[in-house]
Amino acid sequence: MRSREVGARSKSRPAGRRVNRRTFLTAAGGAAGLVMAHRLLPADPARAASSADRATLVAAFSLTIRSLDPGRALAPDELMVTHAAYDSLVTFDGEDLSTPRPSLATDWKISGGSRLYTFTLRSGVRFASGNPFTSADVKWTFERVVNLKSNPAFFLDNVAEVTAPNPRTVVLRLKAPQPSILPILSSPALGIVDSKLMLEHGADAGPDAKTKDQAEPYLMGHSAGTGAFVLASYAPNQEVVLVRNPQHWRGPAALERVVIRNISEATTEALQLARGDLDIAVGIDEQNAETLRRVPGVTIRESPMAASFVFMVNMDPQIGGPLNNPKVLQAIRYALDYDGILKLAGPGATRMSGVIPNILPGALDPREAVKTDRARARALIKESGLSDIKGRINYSSSAINYGIRYALLAQKIQADLAAVGIAVELNGLPGPVALGEYRGGRSPSLFGGYLLDYPDATDFLVYLPERLVGKRLHWPASSSPAAKELAQWGDEAEQEGDAKKRVALLQKIQRRLIEVGPYVPMFTPAQPYGFRSNLRGVTFSTVWEVDFSTIRRA
Amino acid sequence: MNLLVYIGRRVLLLPFMLVGITLLSFILSHTVPADPVAANVGEQAAANPEVVAAFRHRWGLDRPLPEQYLIYLGHLVRGDMGTSISTHQPVVADLRHHLPATIELAVAAMLLSLLIGIPLGIASAARRDSLFDQISRTGSLVGVSMPVFWLGLMALIIFYARLGWAPSAGQLNPRLPTPPFVTGFVVLDALLAGQSALVPDALAHLALPALVLSSYAVGVITRMMRGSMLDVLGEDFVRTARAKGLPGRIVLLRHAARNALLPVITVIGLSFGGLLSGAVVTETVFAWPGLGSYAFQSATSLDFPAIMGVGIVVASVYLLVNLLVDVAYAVVDPRIRMG
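So the sequences go chain by chain: A and B. Just so you know, the first sequence maps onto residues 1 to 554 in our numbering. Just so you know, the second sequence maps onto residues 1 to 339 in our numbering.
Please keep in mind that the hints were generated in silico from the structure rather than gathered at the bench. The structure presented is a predicted model; accordingly, all values stated were derived computationally and were not measured. Don't be surprised by glycine CBs; every beta carbon is placed ideally from N, CA and C. Among these hints, one or two may not hold up.
Stated by the list, open to error - Computed far set for chain B versus chain A, every beta-carbon distance over 10 angstroms:
no. : residue
1   : 58
2   : 98
3   : 107
4   : 133
5   : 196
6   : 230
7   : 240
8   : 243
9   : 265
10  : 289
11  : 321
12  : 324
To be verified - Distance condition first, Cα-Cα at most 25 angstroms in a straight line; then the derived SDA-like pairs of lysine to any residue:
no. : chain 1 : residue 1 : chain 2 : residue 2
13  : A       : 508       : A       : 485
14  : A       : 210       : B       : 326
15  : A       : 484       : B       : 47
The whole structure should be built from the sequences, with the hints applied where relevant.
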């Protein structure tokens, strides 16, 4: 989708642009094709049974894979592969993101003023290479992640030292108490790597690893973990093939081979799932999902995601303009038609009161959420004393996440704000440009789905003043006493070890944040996906998407 | 000027044109108002200046642009196109992996276009204004105007999903063992690996996307061939051939069609370029792992080395096809090389 094709009323549309005959025919033909595709999907998956190969599972994604080196990989599709091939110290079951479970660590002890984490490692575990797994591998893996200075390095920012006093024990000494370190350690980016094998392939975990480490090319075609699967091959933009690790400590997985194919066209995926040529299809959009619900032998599911869709305004008056006036911000909260927005977000999406997604402990009850009240919104605008309120929304015009088309959502917000007299111009940009504008603090207003990096609510404290998102919206802690207080509460929440107190503090933070902050929480999205009904154990996790080790055929 | 000198002169010009293309690609790709850091570094990591600096250093983005270009050229003459930021693989390896799939598709589509378009154009001209001609003209108009995206989806729905005549999207059935990568051409690799059982599957997977991709070229070639034939059929030498009592088929094929081919050769050359660009859409619909999907991912990731690599390859193909068209002209019409 091109940026200028959306938002017909957008003032950003170049004045001289014309739609010629061919462009029109292409667009009309494409749209008609999609409509017909939905009508013509097969009602009877005749070939499903005959083509099914029980040993191989074929899954389709619109894949984005840059690296399969666990020390560098952090994108969800990358984590799906590294989760299959590498085990971490702790893990989560299925779609649950609240209770860390033992994995390579069988138990752990917290001491030293909540700064020392002592892990007991599982005995008898071997890497797929046959090398024994020891605490030296854990220490080496964590040091490599830190020194590679790549995407996952921030996970261990608070770790002062990793020691391995004996082969079955690892100790992490933290710079400050951080209860979220346990969920962080579940990330496949911290999956334990076979240090002996890696050293043979040019790996380096020393202080100069960012320039000396040469192991990535090896890890793009092989894996070096203890995971349930081994990476058999990877063809960029095409497919990833995993084969079962027969000596996995949990016992061999039910599936012998997994083929993960890159299919970027949603309708192509839907057709193949309906015919039984695919076992799992994750790139289907909501329209295809609706059609597939009527196809026998196909199960459609929406899994709630730990992501928060929030509308936000730049606090720099030169950039945000009148939208960051406190009364106008309140008016925006009452102006949005949340029921309509939820329809665009698709089935499974739920209204969100704060910034922490509903599936994480610490989220506010959705019933607390602001309700649409246009009269109140108009009254607030009147109270602001401003007239002729104008603004601009930056968004990635081609983005479709969780089946949500950003272009449609932008148009919906524009229409809702127009209904109370706020005129916003839509500024659809190519993805990297929109991201660059946001990160550079140049977006007047925007919306987006912040996806968690690790399964803990404190990851969403990025919205606080002075923190990741707050900084990009030019909202320093020094801007007001309320902002300073919020920043302080954020620090306390990060260090609070008592689960109940932590939840209470996180909820207090969010209530204050939506009163004084530049945010309008909208919804927690859900990921639509489909799979053949003869599969059992299919789940979709926000962190590592599909866990192939739990899937079996009925 | 003899033919060899003519060809030699054209070949000598190619490296200069390629250098021009690299410069143009480099300037264009770096004028995009976006930073590769935004497209490739995670949200949290991008806030850490040390990580951002490591990223820029790793990909050579911390050097001045002219220096980056000269380094690129220096590597290019040694056959090194750098490493892709989006796949972390050498660009040459990526191209070697993706290009054969696109060539396979484009060549199959071109062959279909020639096999369908030329006879159809000749037959249409021979039966001017007949029902056959009307159908052929309508068909070629449909081929030219139909969006490939729509046609591809319809073909999949009808021939794959409804009738079950065509296999699913992709190059091979994913449940079959993939042949080891040697040439990148699946059929050839299957034969080299002694997996001849894969050949029918590979050809079956190729048929539908090639047919869809050829639709535009079939339409253009049919119309061009028909028009050119109608012009030639009115020439004196055709009338003379007929007056001499030559059989109609001989007049049509040996005298008229051969002379009518000249303008069609240009169209064939241009159509091949069209097939390469059309392949981007066809590859998306049919999950075909070719250069189109690689180019798309490179562009969205601001992957400069990959964008340059794709640009150079596509431009080289265009240059090569243009050269072949010019040579074919020179072979068919001696006046061209004498000029």
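A quick look at each hint next to the structure:
Not every Cβ of chain A is farther than 10 angstroms from the Cβ of residue 58 (chain B); the closest lies at roughly 7 angstroms, contradicting the non-interface assignment. For residue 98 (chain B), the shortest C-beta to C-beta distance to chain A comes to about 7 angstroms, within the 10 angstroms cut-off, and the non-interface label is violated. Distance check on residue 107 (chain B): its Cβ is at least 20 angstroms (rounded) from any Cβ of chain A, clearing the 10 angstroms threshold; non-interface status holds. The Cβ of residue 133 (chain B) sits about 24 angstroms from the closest Cβ of chain A, beyond the 10 angstroms cut-off, so the non-interface label holds.
No beta-carbon of chain A is positioned within 10 angstroms of the beta-carbon of residue 196 (chain B); the least distance is around 20 angstroms. Against chain A, the non-interface label of residue 230 (chain B) holds: every CB pair exceeds 10 angstroms, the least being about 26 angstroms. Chain A leaves residue 240 (chain B) outside its interface by the beta-carbon criterion, the shortest separation being 43 angstroms against a cut-off of 10 angstroms. Distance to chain A confirms residue 243 (chain B) as a non-interface residue, since its nearest Cβ pair spans about 45 angstroms, more than 10 angstroms.
For residue 265 (chain B), the requirement that its beta carbon stay farther than 10 angstroms from each beta carbon of chain A is met, with the minimum near 25 angstroms. Once the 10 angstroms rule is applied to beta carbons, residue 289 (chain B) is inconsistent with being away from chain A; the minimum gap is 4 angstroms. No beta-carbon of chain A is positioned within 10 angstroms of the beta-carbon of residue 321 (chain B); the least distance is around 23 angstroms. No beta-carbon of chain A is positioned within 10 angstroms of the beta-carbon of residue 324 (chain B); the least distance is around 28 angstroms.
Between residue 508 (chain A) and residue 485 (chain A) the CA atoms are separated by roughly 11 angstroms; this keeps the pair inside 25 angstroms, and the hint holds. As the CA atoms of residue 210 (chain A) and residue 326 (chain B) are separated by approximately 51 angstroms, the hinted pair breaks the 25 angstroms bound. With a CA separation close to 21 angstroms, the supplied pair residue 484 (chain A) and residue 47 (chain B) stays within the 25 angstroms bound.
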